[in-house]
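**Q** We have chain A; now place chain B onto it with these hints.
Top to bottom, those sequences are chains A and B.
Under this note's numbering, the first residue of the first sequence carries the number 4, and numbering increases by one thereafter.
Under this note's numbering, the first residue of the second sequence carries the number 39, and numbering increases by one thereafter.
It is worth saying that the hints were derived from the structure and are not from the lab.
Treat the hints with care, since some could be wrong.
[As the list claims (entries may be wrong)] Chain A stretches covered by chain B per the calculated footprint, using a threshold of three residues with CB under 8 Å from any CB of chain B:
hint, region
1, 44 to 52
2, 58 to 72
3, 93 to 101
4, 127 to 141
Quantities reported herein were computed from a predicted structural model and do not represent experimental measurements.
Note that beta-carbon positions come from the ideal geometry of N, C-alpha and C, so glycine has one too.
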Amino acid sequence: MRVFRLGHNWSYAFSDLEREVDRLLRGVNLSIQGLRFGRQYPPVNLYELDDEYLLTAELPGVRVEDLDLTIAGGMLTIRGSRQPDGASDESRFRRQERHCGSWQRSVSIPDRVVEDDLRAELNEGILHIHLPKAPDEAPRQIPVSGK
Amino acid sequence: MSGELTRPTSTNAEGTPPAETRADAAPVERFVFTPPIDIYETDDGLILHADLPGVTLDTLELQVQNNRLTLFGRVPEVVPEGARLVHQEYREGDYLRSFILSDNVDHDRITAKLTSGVLEVFLPHAPKAQPRKIQVSGS
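So here's chain B without its partners, still in its complex pose:
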């Protein structure tokens, strides 16, 4: 099976948080990263894993709108006040990525869970449409 069941969109921009979060966000500029993901097939659908270290259930937004699945994970500040950075190899920031879902994903049955900074989203196959008899009336 190939094609475009779930393909990342090219518009998940870095550096621009979604508009709705920008208004109430702190004036401090934050990095927005594209998290690494795995997508693989199972018999029942697709499973997506995304690495979102630091994101909690409260700070994760996962939404499906039209055909687009968007994940936005905010990383709360965890370093205590007054800590002085003496060595830095990674930057803190938030995570944003979105995907176009194909029609054979059952949008209503998508489930997700977050464990130790890894998000797992299950995208079940939509049931095949049953053939429907159409009554033909004659005069």
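Chain A on its own, in the form it takes in the complex:
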């Protein structure tokens, strides 16, 4: 149920302890994990292209039907869950480093986008959300009346 990716060898030294702590935290809301590691899940990258923004997130093992995207007022919300695909019996695990459960993440979009034209795909466990930029509006003259 770990929420961060193992990137270092030294994490082995702590893995058993962490597994115990993770076991204690199981069932507790995932936001606590977020606090614990000081970052939100899932981590996202945001790219800017000429005509769109592209948001990517790594979501291995998440099925399309378990994913829910909404956008309102420049705030994009990704909500989803990952079903456990392991043994139901905890004692049969030799090693448990992957997390499952539900999560939610809101990201504010830095620019105006066409919210109706959002497009997303989930391939090989990576989510891509395309946010087309709204075209610049022509400046509008405001008549000033005076005496």
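**A** Below, chain B alone, put in the same frame as chain A:
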């Protein structure tokens, strides 16, 4: 059941892709991550799951040599040309991890599949050796 049926080796170094891939790899330096895994027992053997987001069938190498099972997954570049990174919370990189298999894993019957960035490897128990009668000849 405990012991060392399948234990990760301590040598899955980060930052050093396997030698054979280094030669033809692009000169750009890539991160190599240790993917998170689950290993659990079933009646027939062990099942290993590894999170490898971005890895495709074509870019995954899974091999058993001697007693070592090695997985190496390359993540192809998916971001379009000319994209400017404005916010980054994770880095792209490849995945490498290896495990020592114990003798009671049947190496020849290992199977694997890759679904939505999750690798599943089935490590079946080796059949128990049947007692064999040894003929004793006398003179």
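**Q** Mind checking, does the region 93 to 101 of chain A have 3 or more residues with a CB under 8 Å from chain B?
**A** holds (count 7)
**Q** Is the listed coverage of the region 44 to 52 of chain A by chain B valid when you require three or more residues with a beta carbon under 8 Å from a beta carbon of that chain?
**A** holds (count 7)
**Q** Just to make sure I understand the rule, a stretch counts as covered if three or more of its residues have a C-beta closer than 8 Å to a C-beta of the chain. Does the region 58 to 72 of chain A meet that for chain B?
**A** holds (count 7)
**Q** How does the region 127 to 141 of chain A fare against chain B when you require at least three residues with a CB closer than 8 Å, holds or violated?
**A** Per the Cβ count (4), the hint holds.
In this structure, every one of the numbered hints holds.
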